[in-house]
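All chains should be built: construct the whole structure from the sequences, respecting the hints.
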Amino acid sequence: MTEAVTNTGGDWLRLIVGLILVLIFSQLNALFLVWLERKVAGHIQLRYGPMEVGPHGLLQTIVDGIKLVGKELITPFKADKKLFVIAPVLVFMPVLVPFLVLPFGPELIIRDMNVGLLLIFAFSTFSVLAILVGGWASNNKYALLGAIRSVAQNVAYEIPLLLSVMSVVLMVHSFKFSELVMAQQRIWFIFLQPVAAIIYFICATAETNRAPFDIPEAESELVAGFHTEYSGMRFGLFFLAEYTNMFIVCAVATSLFLGGWHGPFGFSLGIPGVVWFLAKTYFLLFVLMWFRWTFPRVRFDQLMNFSWKVLIPLSMLNLLVTALVLKFV
Amino acid sequence: MAEQFAEPVRQHLYSLNLGPQHPSTHGVLRVLLTLDGEYIVEADPVIGYGHRGHEKMGENRTYLQFMPNTSRIDYLSGLLYNHGFCLAVEKLTGIEPPERARYIRVICAELNRISSHLLWFGTYLMDLGAFTPFLYCFDDRENILDILDRVSGSRLTYSYCRFGGVTRDIDDVFIEQTRAFVKRLRSRWKDYHNLVTKNVIFIHRTRDVGVIDKDLALRFGVTGPNLRAAGVPFDMRKVEPYEVYDRFDFEIPVGEKGDALDRYRVRLEEMEQSCRIIEQALDQLPDGPYRQERVRLKVKPPRGEVYFAFESARGQTAYYLVSDGSPYPYRCHVRVPSFGNLHCLTEVLRETLVADAISILGSIDIVVPEIDR
Amino acid sequence: MAARDEVVRRLREMLGEAALAPDEDYAKGVSWTVQVPAASLPEVLGVFKEAGFYLESMTGLDFQDTLEIVYHMNTYEPRSRMAVRVLCPHDGEVPSATGLYDSALWQEREVWEFFGVRFAGHPDLRPLLLPEDSTERPLRKTFGTVHAYRKREEIYG
Amino acid sequence: MGYWKDIVVGGRSLVEGMRVTGRALFKPVVTVPYPRRRLEMSPAYRGHIELKVFPETGTHGCIACGTCQRVCPSGVIKVQGVKEHARSGKVATHYVIDFTRCSLCGLCVESCPTQTLQFSTEYELAGPSRWDGVVDLVQRMEESRS
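Chains as they are written, first to last, in UniProt numbering: chain A, 1 to 329; chain B, 1 to 373; chain C, 1 to 157; chain D, 1 to 146.
Source of the hints: derived by calculation from the structure; they are not laboratory data. Given the structure is predicted, the values throughout are model-derived calculations rather than measurements.
Derived DSS-like pairs: lysine-lysine, alpha-carbon spacing no greater than 25 Å straight-line:
#: 1; chain 1: C; residue 1: K49; chain 2: B; residue 2: K214
#: 2; chain 1: B; residue 1: K238; chain 2: C; residue 2: K28
#: 3; chain 1: C; residue 1: K49; chain 2: B; residue 2: K238
#: 4; chain 1: B; residue 1: K300; chain 2: C; residue 2: K151
Okay, structure coming up:
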């Protein structure tokens, strides 16, 4: 009895400490990513980016955050007030959950669940609901169009995303992150599953509504898409959620395809695992930003075509080949 | 592209105001869209938000005083408008500018045309969602503005031309800078093509989108690159050569079917042709005065009228001046190319998607204040 | 040039020699000026339409004694611009060209709002550039400050 | 086969595009961090007008003839002058411009018979009030001399 209590107590402690760390990390990470994005965009476009607040503008996003907090929260006339208020909370909550199972290092997993991977995808789908609610409740046609697009896009891209992940899961026979990463100690899965890796990354870009798949918020068409009517920190939450989401998909890509906390080919070079993990994740994030500042936006029907006619058949084929190879080789 | 979709069901139509404040309407343009889902059933551009009454102003000002106005009708190719107005008045009064002035005007006008096309290139890509080419174009365009700033003292609304010449002579530094710019622009084509023209997303966004064919162009009076993209080699610089354009060897680029991709290609090729004109003009540049001294500030044309058409960056532009013999024009009408170019949208936008509407709107290259006048 | 000559030939038959005035050296920017009575405007524009001309520009002139609408027609050939001029009293009506040229839809609206020329048969005569409720006719010489308000023959006579 | 070719060619074109932006990432920055670094104005720069001081006379040469006032398209200029004595020419005592309405066309400078007008190279002209644009050039000249 006592043992069980202390056990759960230890678990609870771990969970609470972990949650606090996650809250701090996710906020700092989002702020840092916003800064990084602006810096990358700036230098790609032959300009400086933020330079004034702090060294190289590092504190710019914090100041922006404070500005957002100070802004008036506007609720449009005839909006569905309850849903309108709930939506930003709804979008931000699920993006915190995946941090519980992300394997930052060999010992740095808050909860190493046996369905870790499933948990992440279950909750990342949740953000679509929030976008739909936010877009619908705004009583704005641009927002509504953005919400509709977002739902259709997410439905189309969940499938190849999961299919490409399945081929990795097939190889490891586990949904558990620690096992998925441990299986890559010698060789990363990106070398064994290049097609799945590419498909995953494309779908992840679409899942997080990033350019060139940012049609739900396509600013030149829909002004700001689903968050057109949001102001102040409500908009800020959408914004933070987007960047945290980016981090999550990249972290998952790192642990599925880039060996998680392992160095290349088993050489860790004396660098701690968590550094390896974060370095790889931020590199992927940089690639995402690179995409955004290079490509034009695809059109809605082309996006659908691409998913249903290219990505889904390819990922099916990839899964089939994986299964056959595992069975007969 | 529209044929590829099933016939849209005409129910639950709703209207959407695209503009007047919208990120990609290029000024205060409002397009009243009737939508069925994301399909456009009807598009009605509403214009006039930027009406300043330039034509009425023209009747209340002397010919010279109207000059600053001309560069504000279309602020992106202000020098071309100056140039055209100058030529119209010179034709009306019979002033002959010296040879050197003619060449200077042509060089500056072509530079202005390139800068206008570069800006179009950037903003069009921005409409399609690619932000970065915009900044690259502005980097190049800044070069032109610096060059023109050196001679005209202004970066956007030049009012550089005067009846019988220009306000300021060009010097060796200008010539050197211009040559360097032409060289630089040519070295940039490869980057532009790699970044944009070959990009598969870009091609899919523009091919077969917003087709303006010959027939449509004729009905709506579409001119300029939009008409040339449909395969009609109609350019006032060739058809009715004004100034010294008949002394240069250049081609009129034409497209095939008149979709957005063709318009894009035609404009890009036009920049290259403008470079050729500039180079030849610099080679042939004669010495001599840059301005005719005997022209009075208050020109008094004889009674009569003139209709002078020239090629601005957006198409065939014309000044229709009626003089009653006084220093003030009796009537001063400006034929602006964007007027027809925008009007044909009512037809072109039908049965397209909202995303295509933005792409088409960007590809026809309108300047809204020019339409509103 | 072929299209232009064709139009000139047919217009001669229709209106007679006196209505057409050539401008061989293109000093005014138009090759032929055609003076047309308002009633026969649709047929005249129909001739242009068949020959492949487009309506390049359309504008009004306000004189003390009359209003004048000037249509500039052009085709994709060198030196073939032609001017069609129609006289119209200040409160008069001119047949609309909207059935022939779609571009007339907007250009006639513009002339209507600025000069107050009514176009008979125009489907949608709303102001285009001016506010929707405006009743002024800004380009008439009776509006605002003007330097001269002349009779037509003082300029063209 | 077109299907596979499209995927490969399309993918290649995307990589090409990323190479262009990737190279740009390491190119030097072309913008100017404005208040920290300033650019020189071009020699022909057209700012608002100001009165030129002639070294021979030590003052401006404006004779208050009003040519600039008449030639100005926007009615920006108001000149007032007095005759010192009956035989002498007029000398401007007030030369007021409303810069907020000026379109910087330069017609006044061109038309000036005594060439006493020139463009200033000032460009930071923003002010909190619309009357900040109304400047008396004679007064301004005297202030700048003292």
